[in-house]
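Colleague: Between the sequences and the hints, there should be enough to build the whole structure, so can you do that?
Residue numbers for the sequence shown follow my numbering, beginning at 236 and rising by one.
Errors might be hidden in some of the hints.
What the hints assert, rightly or not - Cut-off 30 Å, straight-line C-alpha distance, at most; resulting in silico cross-link-like pairs (DSSO-like, lysine-lysine): (1) 522 - 487; (2) 276 - 296; (3) 556 - 537; (4) 321 - 284.
Don't read these hints as lab results, they were simulated from the structure.
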Amino acid sequence: MRYLLLILVSAFTFSSVQAQEVLTSTEWQEDLRFLQQTVHKDYSFLFKKTTKAEFDTAVEKLHKEIPSLEQHEIIIGMARLVSSFKYGHTVLGFRYSPYPFHQLPLNFYWFNDGLFVQGAHKDQADVLGAKVTAIGKMTTEEALKAIYPVVPSENDQFFKAYGPLYLSVAEVLHAQGVIDEMANEVELTFEKDGKSFKKKISTLPKGERVPTEYSLVKTDENWLEAREQEMTPNYLKDLDKIYYYEYLPETKTVYVRQSQIQDDPSEDIPTFYARVFDFIENNDVEKLVIDVRLNGGGNNYKNKPVVTGIIETEKINEVGKLFVIIGRRTFSACQNLINELDNYTNAVFIGEPSSENINFYGDNNRVD
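Modeller: Right, dumping it as structure tokens:
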């Protein structure tokens with residue numbers, strides 16, 4: 236497998252331009268040519284889900300439109316080009332831009348029955364837990380379809396995981412026609428407690444973001460989440476640690492939550508899993524559950540002790556005794572982990588499909 240992270244950013248926009256500097260149309264067009272030439276020269280293997288001709292046609296269209304576009308529309312136009320390759324690691328990252336965008340003070344989550352407000356600033360507490368039925372002039376379904384080209388969606392699960400974040404950015408909404416005018420407030424329609432209502436939501440100050448941890452709002456005196464706080468599910472426990480385990484005596488199960496393929500500062504992966512497998516061997520354990528639903532990846536080389544440890548622990552490496560929970564945020568190096576567990580162990584997988592394909596381009600390279 237060949238690994239690559241291509242964050243395509245332009246020479247002017249993301250290297251030499253000071254924050255808030257306004258580029259001329261000619262400079263933006265030069266940036267666009269830089270993007271086009273870089274793709275053809277160094278990354279032509281990306282032309283799998285779109286063709287060179289389709290890419291070049293889209294480039295020429297944007298090139299002609301640049302003189303009549305606002306700055307954020309140009310940036311998002313370039314993001315559409317990069318996202319047309321449909322590889323999750325290949326992205327024009329807005330966070331690198333010296334032109335910060337405006338985010339709504341809401342965190343959306345896409346459930347099977349619609350888009351809901353998972354978290355919100357305390358000033359928007361009245362919409363916490365509400366279903367979002369319309370954004371701007373579009374229904375939620377129409378808005379999601381409109382922003383789809385901006386998201387580097389490797390598969391449908393990737394869009395389900397990350398599309399709602401793009402949907403909270405005012406510049407994306409405007410560039411994709413969800414709202415008619417770029418403004419610091421957006422009208423949304425909500426359903427809650429059997430009632431439907433509209434509300435204009437002001438964006439956060441430019442460049443500020445909703446505080447999240449593994450895609451969920453991090454609660455404090457200013458930020459709220461819809462989940463009841465009386466009980467914390469296992470997969471959300473001890474999120475200050477990359478991984479932890481506990482024994483569930485009622486089912487004789489060891490539960491492990493691992494949310495990155497990186498060493499925790501307090502204990503590296505080999506040491507942690509050595510403790511896990513030692514506990515399994517020396518206690519009344521019938522099942523092992525490894526929960527990677529929040530795991531967006533990390534270092535592929537750190538997967539080995541997990542896989543080999545399971546293989547060597549014959550006590551639980553049996554069908555019906557080893558379970559792996561995956562989800563829409565299972566991605567990148569964690570996809571390789573579940574690939575290897577599928578190939579070399581007797582794991583049963585439960586949950587949602589991952590947001591990564593079995594074969595993919597991964598490890599990071601930034602292009603300026």
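Colleague: Work down the list of hints and note, for each, if the structure agrees.
Modeller: Here is what the structure says about each hint:
1. In summary, the hint linking residue 522 to residue 487 is supported, as the alpha carbons are separated by about 7 Å, within the 30 Å threshold.
2. The hinted pair formed by residue 276 and residue 296 meets the criterion: a straight-line CA distance of about 21 Å does not exceed 30 Å.
3. This hinted pair checks out: residue 556 and residue 537 have alpha carbons roughly 23 Å apart, not beyond 30 Å.
4. For the hint pairing residue 321 with residue 284, the CA-to-CA distance comes to about 7 Å; that is within 30 Å, so the pair holds.
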